[in-house]
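Work the whole structure out from these sequences, hints included.
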Amino acid sequence: MTPVASLPEMLAVLGAGLAAGVLTSTVGVASLVSFPILLAVGLPPVVANASNTVGLVPAGVSGSIGYRAELREHPRVAWTVVVTCAVGAVGGAALLLALPSSVFEAVVPWLILVTCLLVGVQPWVARWLRSRAGGQIGPRTRMGPVTTFFALLTGVYGGYFGAGSGVMMVAVLGLGLDIDLRVVNALKTLAIFAGNVVAGLVFVTVADLDWRAIALLAAGSVVGGYVGARVGRRLPPTLFRVLVVVAGVVAAALLLR
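Residue 10 is where the sequence shown starts when you use our numbering, and the numbers rise one by one after that.
Errors might be hidden in some of the hints.
To be verified - Label pairs and their in silico Cβ distance ranges:
{"id": "1", "residue 1": "Pro54", "residue 2": "Gly153", "range": "32 to 42 angstroms"}
{"id": "2", "residue 1": "Leu48", "residue 2": "Val92", "range": "31 to 41 angstroms"}
{"id": "3", "residue 1": "Arg136", "residue 2": "Asp217", "range": "44 to 54 angstroms"}
{"id": "4", "residue 1": "Pro148", "residue 2": "Leu20", "range": "41 to 51 angstroms"}
{"id": "5", "residue 1": "Leu263", "residue 2": "Asp217", "range": "19 to 29 angstroms"}
{"id": "6", "residue 1": "Trp88", "residue 2": "Arg136", "range": "25 to 35 angstroms"}
{"id": "7", "residue 1": "Asp189", "residue 2": "Leu20", "range": "30 to 40 angstroms"}
{"id": "8", "residue 1": "Val251", "residue 2": "Pro54", "range": "23 to 33 angstroms"}
{"id": "9", "residue 1": "Glu82", "residue 2": "Pro17", "range": "35 to 45 angstroms"}
{"id": "10", "residue 1": "Leu248", "residue 2": "Val134", "range": "18 to 28 angstroms"}
{"id": "11", "residue 1": "Val92", "residue 2": "Val213", "range": "16 to 26 angstroms"}
{"id": "12", "residue 1": "Thr214", "residue 2": "Met19", "range": "20 to 30 angstroms"}
{"id": "13", "residue 1": "Arg243", "residue 2": "Pro132", "range": "16 to 26 angstroms"}
{"id": "14", "residue 1": "Ala107", "residue 2": "Asp189", "range": "18 to 28 angstroms"}
Simulated from the structure, these hints should not be mistaken for laboratory data. Only a predicted model underlies this, so the values are computations on that prediction, with no experimental measurement involved. No residue lacks a Cβ here, since even glycine has one placed at the ideal position from N, Cα and C.
See below:
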């Protein structure tokens, strides 16, 4: 393994951490910035993936602090998100260590595109469901079994690879709950944090890591996560939805190359 050593490499990783932190708290495609940079400076894929997960934990901390008001609005949902994503991340981390990194390469881009579609059509789907129910159902402010199951699967994916997992969580929570998108954005950031913490603990115990890269990512991402939260909580719902869809499509296109 070639560790991050030169000044240009260190600056590149630090900048990647800052950008990834901002994206963690906004559109949720952080790994598509930081992971390629780690590969570019010479880290092997599995080492880069594990180091990236650990290094982006501070982004989730600062981002969740930035969204603390939104997270207090639905504490039961917040705790459900934490638990499901944490449990799922354990399975995802185990898959990363046990399976070759190419296993999901053919599937992931299409999975991200499908979730982008779901994010885009969510308002129309919600209205259609309400019209079918004839106004007999109230706002859904708790996660039902189906939403919880898909949040768990998103946690598994986040622990395994993570690119686009924020987009997936926005789709899951947006379709399964009737809450403001700014709160969905906060819950998505919390979900990424929970998954990264648990997967990171697994990686610290059993995986090869580049600690210099982790420190640089952490330094950049802790600032970026908070900045991203301050931006994200002010985004109009329509703009946020458009940005998530655009980010997801770009992510899928990059993975398809």
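Going through the hints against the structure:
For the hinted restraint 32 to 42 angstroms between Pro54 and Gly153, the CB-CB distance of approximately 37 angstroms keeps it satisfied. Separated by about 32 angstroms at the C-beta atoms, Leu48 and Val92 satisfy the suggested range of 31 to 41 angstroms. For the pair Arg136 and Asp217, the beta carbons lie near 50 angstroms from each other, so the given range of 44 to 54 angstroms is met. Taken as a hint, the range 41 to 51 angstroms holds for the pair Pro148 and Leu20, whose Cβ atoms sit roughly 47 angstroms apart.
Checked against the hint of 19 to 29 angstroms, the pair Leu263 and Asp217 passes, with Cβ atoms roughly 25 angstroms apart. Between Trp88 and Arg136 the CB atoms are about 29 angstroms apart, so this pair conforms to the stated range of 25 to 35 angstroms. One distance hint, 30 to 40 angstroms for the beta-carbon pair Asp189 and Leu20, holds here, with the actual separation near 38 angstroms. In this structure the hint that Val251 and Pro54 lie 23 to 33 angstroms apart at CB holds, the actual value being about 32 angstroms.
Taken as a hint, the range 35 to 45 angstroms holds for the pair Glu82 and Pro17, whose Cβ atoms sit roughly 44 angstroms apart. Distance hint check for Leu248 and Val134: the Cβ-Cβ separation is about 20 angstroms, which falls inside the suggested range of 18 to 28 angstroms. One distance hint, 16 to 26 angstroms for the beta-carbon pair Val92 and Val213, holds here, with the actual separation near 21 angstroms. A beta carbon spacing of about 26 angstroms between Thr214 and Met19 agrees with the range 20 to 30 angstroms that was offered as a hint.
Our hint of 16 to 26 angstroms for Arg243 and Pro132 holds, since their Cβ atoms are close to 20 angstroms apart. Taking 18 to 28 angstroms as the suggested C-beta distance range, the pair Ala107 and Asp189 does not conform, at roughly 39 angstroms.
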